[in-house]
Amino acid sequence: MSHSESHALNELQTQSDNAATHGSVKDYLIGFVLSIVLTVIPFWAVMNGTLSKPTTFACIVIMAIVQIWVHLKYFLHLNFKTEEGKASSLSFIFSALIIVMVVGLSVWIIYESNAMMMY
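Residues 1 to 119 in this note's numbering are what the sequence shown lists, from first letter to last.
Keep in mind that the hints were calculated from the coordinates and are not lab data.
Be aware that one or more of the hints could be misleading.
Each computed DSBU-like pair below joins lysine-lysine, with the alpha-carbon atoms no more than 35 angstroms apart [said to hold, decoys possible]:
(1) 73 x 53
(2) 86 x 73
(3) 81 x 26
Keep in mind the model is a prediction, meaning the values are calculated, not measured.
Produce the entire structure from the sequences given, and follow the hints as far as they go.
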């Protein structure tokens with residue numbers, strides 16, 4: 001086997017390994033359909049107006065949380081099944097934690113600064 005053939009086989013193996021970590025067309029279609037359904041349900045709840053305001057709000061929040069999960073699973077491929085998935089998931093959790101801390105502490109600092117200036 002020549003060097004170029006060996007290189008080509010290694011390249012094909014790498015592509016096949018990368019394809020295994022990403023979703024199939026079926027997974028993307030499932031994610032897309034779920035995203036559409038999870039968008040239409042709260043839209044219908046608001047536009048129809050038959051639900052009470054607290055129920056409509058709860059519907060919107062629940063569908064938003066489920067949709068976040070769908071996006072993380074089907075489009076960002078976050079899981080704990082593979083080593084790459086574990087690393088990606090833990091990186092995402094760490095990043096989300098840092099963002100929540102920065103935003104939360106910034107709001108707290110601004111609120112406290114405003115309170116001190118008012119009195």
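Verify the proposed pairing of residue 81 with residue 26, using a straight-line Cα cut of 35 angstroms. The given pair, whose Cα atoms are some 19 angstroms apart, holds under the 35 angstroms limit.
Hint check: residue 73 vs residue 53, CA-CA at most 35 angstroms. Holds or violated? Given pair residue 73, residue 53 holds - Cα atoms ~30 angstroms apart, limit 35 angstroms.
Agreement of residue 86 and residue 73 with the hint, judged by alpha carbon distance not exceeding 35 angstroms: 12 angstroms, holds
Every hint, counting from the list given before, is met by this structure.
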